[in-house]
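*Asks:* The primary structure of each chain is shown beneath.
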Amino acid sequence: MFFRMIRGALTRQRGKMLMIALTIALGASLATAMLNVMLDVGDKVNQELKTYGANITVVPKAASVLNNLYEVEGGETTEGAYLREDELGNIKTIFWAFNIVDFSPFIDTEVSLPGGGTATMVGTWFNHYLSLPTGETLYTGVQNLRTWWDIEEGQWLDEVADGADTCMVGAALAKANGIHAGDVIRVNGRYADANLRVVGVYDSGDDADEQIYAPMEIVQELSNTDGYLTSIEVSAITTPDNELAIKAAKDPKSLSVSQYETWYCTAYVSSICYQIQEVITDSVASPVRKVADSEGAILEKTELLMVLITILALVGSGLGISNLVTASVMERSNEIGLLKAIGAPDRSITAVVLTEIVLTGIAGAVVGYFVGFGFAQIIGHSVFGSSIEMKAMVIPLVGVLVVVVTLLGSIPAVRTLLRLDPTVVLHGR
Amino acid sequence: MSLLELKNVSKIYGDLHALDNVSLKVDTGEWVAIMGPSGSGKSTMMNIIGCMDKPSKGEVLLDGVDISKESAKSLTRIRRDKIGLIFQQFHLVNYLTAVENVMVSQYYHSMPDEKEAMQALERVGLADRAKHLPSQLSGGEQQRVCIARALINYPELLLADEPTGNLDEANENIVLDIFSQLHKEGTTLVVVTHDPEVAEVAQRTITLGHGKIMKDMINENFGR
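The listed protein sequences derive, respectively, from chains W and Z. First residue of the first sequence? That's 2 in my numbering, and the numbers climb one at a time after it. First residue of the second sequence? That's 1275 in my numbering, and the numbers climb one at a time after it.
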């Protein structure tokens, strides 16, 4: 009989129940959208920030000592100090390998141009195919790390299609020397010469406008540094630094065993740097502080904003549900009065009313979840230009939220009804 | 033997004595009509007898138990086990069919039994309307469902509040015939009414006025 009553209430009062379900669906959709976006926003913002370049630079230890002496940050190199090219793949074998989004090696040398001038020629990967011992394959290089470059002529250098004897020339250098995409230029290095076809002319807005970028092996040949490189730029998804990370960055040995484990197993930029140093011989990996700090600050603020919006959305939808449920339950005072008059115990009346509302709430939550996931996609595409990942943990979270909010919303109404005097509703006294 | 006994019962709201030192006895199997104008205390008496209210003073013995001293929880149990209620406004659950409305009363009493509920509807001549919702039934039919619901648990006392107040003459006669039949079967009936025609068919008529019993008489034409 209990279920007949529930079924009767749900099927024969469709309009009223639909209204409750719709309100709950609206609340659930807001909660779903905001929770999905909130849980995905960290990765999204991080990915967005990665387009602004590398946040870790790896240089040889000898170069780093000199850099520290002269308080130079970043990858200034020193003649004679090199990293080993064959160890590059190790970067993708560290504990936080999946947080390494891109990386690219660099080696530079001075070359003279036919016009009599000189320029810095940088050897690097453009879109290098990498097959790792772990079985993972990826394309990495400056195409991903220099997304802000504006290709003024030609196109990005494609390592496979364009071959080795190619290069890209900075806009300022190209203008000064009358170089255009498609030209073949002769460069004279200290140990060899090469004829290189210019695939593209780029505008970087920095010192690179005065440089030539070419595949690694060309520059290694010109500088007789086969198998060596002067720096590596790494783009990694990191967790904002806290006190532990700052302490560890100064000296990991100062940490206790448990602190060390926590730090090592968290994607702090200092932890990732430390792990890179472990796999690249005689290297010093250091964060590009300006980028890393800005990323952390932006991420923290964005996440805080999303948390606040989510809480507000939940409170708002909770109040809406509560009001509607209260109004709906109060409308049934006659029915409740009758049930009390014919001897229904309070707990039975409560069970019937709450079961109906919770079932309606669950139906609303299911609809709201899918609608909310749609909202999340709209937010994802309009704000981040990509989809929001469906987070499994949102399903039980929204379920629990809806049940809790629905039950909490029902409590005042149910309490009022339990205090209801059947004589008042049955005789109108 | 008395099924119901009121001893010096008063119900006081501030300065108003809705019932003022009322005493009466209703024997098992008796059919009593309680009459009186508006404000005479009929509904107050019905609520007290029906275990939905407690007197301010006095004792109310139902089947030997003083219900004026019982807790709200006990009164709920007594209502469920001993009393069948019939209302002027019918008060059916609007999303349940006729038979389901009868079964609700069984559900809270013991176990719902659809076959038995159908027999109760058959008894009031509504077997063919069992699957209809209250909105699909006429006033008279709704009142008959209400009677079937009141009877389903074999109550010791059937308490009806203006049972024909919302019915036309034809339906009024149907309901009174059912009451007559129930009386013959030994059911104790207390019917609150302001309609002299309804009171006339009862075995005994008690007239209230200003919260007091003004008249208590046996209907000489009863059963004719």
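In short, the hints are calculated from the structure, not lab data. Where hints are given, some of them may not hold.
Looking from chain W toward chain Z, a few residues come up when the C-beta cut is under 8 Å (computed) [claimed, not checked]:
| # | residue |
| --- | --- |
| 1 | Met6 |
| 2 | Gly9 |
| 3 | Gln14 |
| 4 | Gly117 |
| 5 | Gly118 |
| 6 | Ala328 |
| 7 | Glu332 |
| 8 | Asn335 |
| 9 | Ala342 |
| 10 | Pro346 |
| 11 | Leu421 |
| 12 | Leu427 |
The beta carbon of each residue, even a glycine, is placed where N, CA and C say it ideally should be.
*Asks:* The structure should be examined with respect to each hint, and the outcome stated for every one.
*Replies:* Hint check results:
Below 8 Å, beta-carbon pairs count as interface contacts, and Met6 of chain W has one with chain Z at about 7 Å; its hint therefore holds. Interface hint at Gly9 of chain W: satisfied, since its Cβ lies 4 Å from the closest Cβ of chain Z, which is below the 8 Å cut-off. Because the closest C-beta pair between Gln14 of chain W and chain Z is about 5 Å apart, less than 8 Å, the hint holds. Hint status for Gly117 of chain W relative to chain Z: violated, with the closest Cβ pair at about 96 Å, above 8 Å.
Interface restraint check for Gly118 of chain W: the shortest CB-CB distance to chain Z comes to about 91 Å, outside 8 Å, so the restraint is violated. Taken as an interface hint, Ala328 of chain W does not check out: its beta carbon lies about 17 Å from the nearest beta carbon of chain Z, beyond 8 Å. Taken as an interface hint, Glu332 of chain W does not check out: its beta carbon lies about 11 Å from the nearest beta carbon of chain Z, beyond 8 Å. Satisfaction of the interface hint for Asn335 of chain W is found here, the shortest Cβ-Cβ separation to chain Z being roughly 7 Å, below the 8 Å cut-off.
Interface hint status for Ala342 of chain W: upheld, as the beta-carbon distance to the closest one in chain Z is roughly 6 Å, under 8 Å. The interface hint given for Pro346 of chain W holds, since its Cβ lies 6 Å from the closest Cβ of chain Z, which is under the 8 Å cut-off. Interface restraint check: Leu421 of chain W against chain Z, minimum CB-CB distance 11 Å, threshold 8 Å, status violated. Look at Leu427 of chain W: its Cβ gets to within about 6 Å of chain Z, closer than 8 Å, so that hint holds up.
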